[in-house]
Amino acid sequence: MIEAANRLNTVEEYYFSKKLREVNLLLASGKPIINLGIGSPDMQPPQKVIDALNEGFSNPNAHKYQSYQGLPELREAIAGFYKEHFAVSLSPATEILPLMGSKEGIMHISMAYLNEGDEVLIPNPGYPTYESVTKLVGAKTVFYELDEANDWQPDFKALEKLDLSKVKIMWVNYPHMPTGAQPSKFLFEALVAFGKKHNILIVNDNPYSFVLNENQQSILSVKGAKDVCLELNSLSKTFNMAGWRVGMVVGDSTHINNVLKVKSNMDSGMFYGIQKGAIEALKCSKMWFVTLNNVYKQRRDLVWKLAEALNCTYDKNATGLFVWAKLPPFVKSEEFIDLALKNNHLFITPGTIFGSKGEGYIRFSLCASTEVLEEAIARVK
Numbered sequence: 001m002i003e004a005a006n007r008l009n010t011v012e013e014y015y016f017s018k019k020l021r022e023v024n025l026l027l028a029s030g031k032p033i034i035n036l037g038i039g040s041p042d043m044q045p046p047q048k049v050i051d052a053l054n055e056g057f058s059n060p061n062a063h064k065y066q067s068y069q070g071l072p073e074l075r076e077a078i079a080g081f082y083k084e085h086f087a088v089s090l091s092p093a094t095e096i097l098p099l100m101g102s103k104e105g106i107m108h109i110s111m112a113y114l115n116e117g118d119e120v121l122i123p124n125p126g127y128p129t130y131e132s133v134t135k136l137v138g139a140k141t142v143f144y145e146l147d148e149a150n151d152w153q154p155d156f157k158a159l160e161k162l163d164l165s166k167v168k169i170m171w172v173n174y175p176h177m178p179t180g181a182q183p184s185k186f187l188f189e190a191l192v193a194f195g196k197k198h199n200i201l202i203v204n205d206n207p208y209s210f211v212l213n214e215n216q217q218s219i220l221s222v223k224g225a226k227d228v229c230l231e232l233n234s235l236s237k238t239f240n241m242a243g244w245r246v247g248m249v250v251g252d253s254t255h256i257n258n259v260l261k262v263k264s265n266m267d268s269g270m271f272y273g274i275q276k277g278a279i280e281a282l283k284c285s286k287m288w289f290v291t292l293n294n295v296y297k298q299r300r301d302l303v304w305k306l307a308e309a310l311n312c313t314y315d316k317n318a319t320g321l322f323v324w325a326k327l328p329p330f331v332k333s334e335e336f337i338d339l340a341l342k343n344n345h346l347f348i349t350p351g352t353i354f355g356s357k358g359e360g361y362i363r364f365s366l367c368a369s370t371e372v373l374e375e376a377i378a379r380v381k
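Going by the numbering used here, the sequence shown opens with residue 1, and the numbers climb by one from there.
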């Protein structure tokens, strides 16, 4: 038997990869499972995006290798998008790198900056990929706790008490997933100052700014942020394009070039038609966001009712594609979701997959129609 690499001993198969096999087996056996676990948008992208993809097939260059840095027009569209929505100026030539989804950016950035033994600050609760990628590249995870009492924001006093001498990267994610907590300008200013003081690269993972959120912010809007910050963003949630795999990393040209050194050895460019579709998405008017969020507001109202029917509490000020709900005292997250799956045929995400601070919480996705959500409420009642 050929042995797998030692690095695989540091990670497990992604939770949803495993759990969805169980859910799919139940579906195959005839169980009417309602999946409220995953944030995979179920609505269509803008029609002009699909039209641009279709038109791209007829371009004589469509089937050739594409630039590692993406079409110039795509980088210009990203720059325009950041200028319009975040008031951040970016050079299309040097400060923008399109990605095949922002998730791959987590790996590319880690490979570009982390040596074996370097340390990484990771939020708890937070996106599990930060931890798994850190382990895969041989770096050490250092979790910093986020707490509801502190609005799910870092405790800088606690951070300053740590030995930060080996920390190279700090992952932050605002608007926050899974809790939906919003950033303040003060928070981003504090993060930039923290990064400069300790020579740490601060990476804000920012794919949820436009879902049920009227105050879009980028960490790069802070003066001097480009010196120590990168930002990831994505079209997946904003434009219902999760399967298209279009994202971006933006920041100072030196950082972008370092990431490009990794990325250019990992793929041979994004398909031409997808890039053309992405350009059209980035040019959408504000009416797109209004329409999108009207749907999500209706769904969120129903998910709040579902949470209440399950004796959970939640924060009405939270944003994003999910509802983060607190369970009654002494109820364990994974036990609760297993019972909901067994008794009500509802698949809900346990908070524990986002870290130990997720114990006692569950996460509902808004990626289900109002009809499906009303059926979920009926099952519980």
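Where hints are given, some of them may not hold.
Lysine to aspartate or glutamate pairs mimicking EDC-like chemistry, simulated, CA-CA at most 20 Å apart [to be verified]:
#, residue 1, residue 2
1, 157, 189
2, 166, 145
3, 18, 338
4, 283, 55
5, 166, 116
6, 19, 214
7, 135, 148
8, 297, 189
9, 64, 267
Quick caveat, the hints were computed from the structure, so don't treat them as lab data.
Against which earlier hints does the structure fall short, listed by number upward?
When the structure is compared with the hints, numbers 6, 7, 8 turn out to be violated.
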